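*Asks:* Chain residues, written in single-letter form:
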Amino acid sequence: MVDTPLRFSQVSKSFARGKDRVQALSNLDLSLPSGSITGLLGPDGAGKTTLMRLATGLLIPDSGTISVLGADTRRRARQVQAAIGYMPQRFGLYEDLTVQENLDLYADLQGLTPVAAAARQRELLKLTALGPFGARRAGALSGGMKQKLGVACALLRAPQLLLLDEPTVGVDPIARRELWEIIQGLKKQGVTVLMSTAYFDEAERCDEIILLHQGKLLKKDSPAAFHQPLNGRCFLVTQAAMSKRHLRETLQHRPGVQDARILAEGVRVLCRDTRPHAVAGENWQVAAPTFEDAFVDLLGAPKDPDTEITPDSPPTALPTDREAETTVVEVRDLCKFYGKFEAVKGNTFTVRKGQIFGLLGANGAGKTTTFRMLCGLLPASSGTLQIAGVDMRHATAQARGRIGYVAQKFALYGNLSADQNLAFFSAAYGLRGKARQTRLDWARREFQLAYYRHVNVDDLPLGIKQRLALACALLHEPPILFLDEPTSGVDPLARREFWQRINALAEGGVTVLITTHFMDEAEYCDQLVLMSLGEVLAQGSPQEIRDQAKDAAHPEPSMEEAFIHLIQEHESQTRRAS
Amino acid sequence: MLTRLWALVIKEFLALLRDKKSRFVLIGPPLIQLLVFGYAATFDLNHIPYAIYNQDSGFASRELLGRFQGSPAFRQVATITHNAQIAPLINNQNALLVLQIGPNFTRDLLLHHPASVQVIIDGRNSNSATLALNYVNSVILSFDTHWAATHHWGKPPAQLVVRSWFNPNLLSRWFIVPGIVALLTLVVTLLVTGLSVAREREQGTFDQLLVTPLSPLEILLGKALPGFIIGALEGAFIILAGVFWFQVPFIGSILALALGMALFLLAAIGIGLMISSLAVTQQQGLLGVFLFLVPAIILSGFATPIANMPKLVQDLTYINPMRYFLVIVRGVFLEGDGFHELWSQYWPLALIALGSMTAAAWLFRHRMQ
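Chains as they are written, first to last, in my numbering: chain A, 1 to 578; chain B, 1 to 369.
Derived by calculation from the structure, the hints in this document are not laboratory data.
Keep in mind it's a predicted model, so treat the numbers as computed, not measured.
Check before you lean on any hint, since a few could be wrong.
[Claimed, not checked] As a list, the in silico BS3-like pairs of lysine-lysine whose alpha-carbon atoms are at most 25 Å apart:
no., chain 1, residue 1, chain 2, residue 2
1, A, Lys434, A, Lys409
2, A, Lys188, A, Lys216
3, A, Lys126, A, Lys216
4, A, Lys409, B, Lys20
5, A, Lys409, B, Lys311
[Stated by the list, open to error] Label pairs and their in silico Cβ distance ranges:
no., chain 1, residue 1, chain 2, residue 2, range
6, B, Ala258, A, Arg137, 32 to 42 Å
7, B, Ile229, A, Arg21, 34 to 44 Å
8, B, Pro305, A, Asp459, 48 to 58 Å
9, A, Gly111, B, Pro305, 55 to 65 Å
10, A, Arg137, B, Gln33, 39 to 49 Å
11, A, Gly92, B, Asn91, 51 to 61 Å
Ideal placement from N, C-alpha and C gives every residue a C-beta, glycine not left out.
All chains should be built: construct the whole structure from the sequences, respecting the hints.
*Replies:* What follows is the structure, encoded as structure tokens:
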């Protein structure tokens, strides 16, 4: 009998990046308790994926030993691979095969007999609720369904150890909840699960959390043990007279406050000590610590004062009261058909100047389609849309110069260096001479890109790519900014920093339109549209949307609960109607 | 406008040249193809392996065979003594041909009778067989003339005096190397332009480009210029290699060739950009390029003459830009052509260039909708 299904002892691994070597993991020691769920967290580049791939025997450590279910990965990699289940970040589904054909293929690849495979597949299809979609092409599935199918393929052989690399990224709250139920069901069957995640609420539900940072094990403990040192240092602050965003800015800069973030109920503050740093008019309440607080406490080293994000050159002047009422984006009855498939179904909304406008919804909800139509990249099938008074579809170069756009997955030139990307986009936006130099210097300083100037974009961590993409979109100081899933796949700290920038931009009068599938990010927005399957489920301020979802079971629903509630309500309505 | 265009061109070059793989694609294969075509692709036969079956013991057959042995085009591999040995030699490709001289060869000749020499040749590769036979004929012809002169047969009534114009020694290298200029220029230009838009689509940067103030026309120009510059550089390099390394004469007007090359490049870029606008991924782009490239080369007259093709296929070659450029490049190299002689090639090439660029621009706009 093996005491632990996975043990790392003194494991180091480095990779070549150009001329340098990057130490991905150094002297890592850890073991997983049998039959538990362990969460793997850490910022980008902490070594999470490397750890996973080492555990599968796909990578061989530079030094140290890894034993999986009692077998050394160095000598018995095939045996290890036969005994575990592994789902990489981008699971290799064959998009042109149907769900059933994918399952059959993986069953064959893993050497299951047809009888055993059929029985196991039935079980898994039931578990993942993918049964009705057996004949659908994998490429036509939604993001969440694809992830579930990926898990199902990894589970075909009922492994004792299951490794999941960010299985819930880009998945809507309902699918995320379902995936989580599947994982917990596995635990009951005695499977040991190691999963990396970017969601703190998932970390809270794990038995143990491994926190990695720069290739080193920072802490490995139960969630409760992570919370423990923070007791009494967390507060919920409310201030009736001030907007939450403004309040957060004030609190963040107050001495003694380590971190401040916006929640549904108010601003959550993590202090360096147990004493509240209240100012008259503010209401401070002690709150129970969460894993997010622990994460920030352990990893969010105090920043240098000069790297603090300040809107030092607000792209436009602060809006006057009259200006603030100006409508910048107006969309009426917007529809989009792809063949017979209706991707966007008659949406109507308006965005006012200086607002942060959020488009929320799962993958496949029609957010990106809406965005591409707004930017003039796709023609609308019907309906009208105007950005600053013009339809971007027929916009002049000058009108296009008024918007900044960050595409999904940060479309940058991969084999150009960070500097070359900045140089190209600055010229593409018609900047020249001294003005161009000033903006380039600004971008490098403001987004802390100096260190990465000569690194190829392909080699940059995702968080840095995100900063660079935002920098490129802001070089020409656009008054309107479109951001398509700018936080997807980015680690929690980078997300936090990102939202600080966006807040600062909005304070400076920039209108920001943003799509996201992180429900907690909704709280940063002034105005929201909740989308599902091309339809607008609800719109309004975050508070208004949460109010819509209030019921007896959830007197104070979170945005995620509200979203699930609204989708379920909507689905039952359409079912009744048909 | 110019600053933006310039930035685009710089970016295209950086994207091409900073990547090790694409840098290699631009330099490696053209160089290899130049060497392969320049050295290995030749219609000339050297060291033809042959065997001798000489049943004649006289001096005339020895004299005739001496002419074969002395020629660099032939290499004797065997001397055989009876009929049964012939078949295995040819079957196993040890010899391409067997010369059989009958027992009465010298006697017949001395008696002023016609004497025959039998040539048994491997006809599996008809092209080589025809060429080898030609060589044998010319050797025997020169033997005949010499014999006639020294043994008082009198002069033959008509004499054939052959003079090859433009390529006096009929070296195939002179025919092939100018052709490579056209071939490689086309390959490189298509690869550079055919993948450029597809690469951006794959990376997602194409959307990013479209939301900038750059107009579609500027983007099109920004994509066309690098292809033009790289294609022209590569073409010039091969011309220089042809002249200075392979020693092919260049007697025409450089400017006439430059004009032809410019028109040819524009036509190729238009086709490349059309392929690129249609392709969603780089893989599709590459497939598209090769789908065009292979028939374009075969139907260009690069290796086999267009005049030999069926009528319908000949008509098809009129839309192939490489057809015209091959005439231009060979004309300038070997015939010393200038603008005046090549006018009939320029205007169809210009028409094709105009057509393909317009189609690319239209597709470019259309695919964005």
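*Asks:* Compare the structure with each hint and give your call.
*Replies:* Each hint, compared with the structure:
Annotation: proposed proximity of Lys434 of chain A to Lys409 of chain A is violated, straight-line Cα distance about 31 Å (limit 25 Å). Distance check on the hinted pair: Lys188 of chain A and Lys216 of chain A sit about 31 Å apart at the alpha-carbon level, beyond 25 Å; violated. Only pairs whose Cα atoms come within 25 Å are accepted, and Lys126 of chain A paired with Lys216 of chain A is rejected, the gap being roughly 40 Å. Taking the CA atoms of Lys409 of chain A and Lys20 of chain B, the gap is near 24 Å; set against the 25 Å cutoff, the hint holds.
Restraint check for Lys409 of chain A and Lys311 of chain B: not satisfied, since their Cα atoms lie roughly 53 Å apart, outside the 25 Å limit. Restraint check, Ala258 of chain B to Arg137 of chain A: a C-beta distance of roughly 52 Å breaks the suggested window 32 to 42 Å. Checking the proposed 34 to 44 Å range against Ile229 of chain B and Arg21 of chain A shows it holds: the Cβ atoms sit about 37 Å from each other. Here the CB-CB span from Pro305 of chain B to Asp459 of chain A is close to 52 Å, well matched to the stated 48 to 58 Å.
Under the hint 55 to 65 Å, the C-beta atoms of Gly111 of chain A and Pro305 of chain B, about 58 Å apart, fit the expected range. Range check, Arg137 of chain A to Gln33 of chain B: Cβ separation about 41 Å, and the 39 to 49 Å hint holds. Between Gly92 of chain A and Asn91 of chain B the beta carbons are some 53 Å apart, a value that agrees with the proposed interval 51 to 61 Å.
Of the numbered hints stated above, those contradicted by the structure are hints 1, 2, 3, 5 and 6, listed in ascending order.
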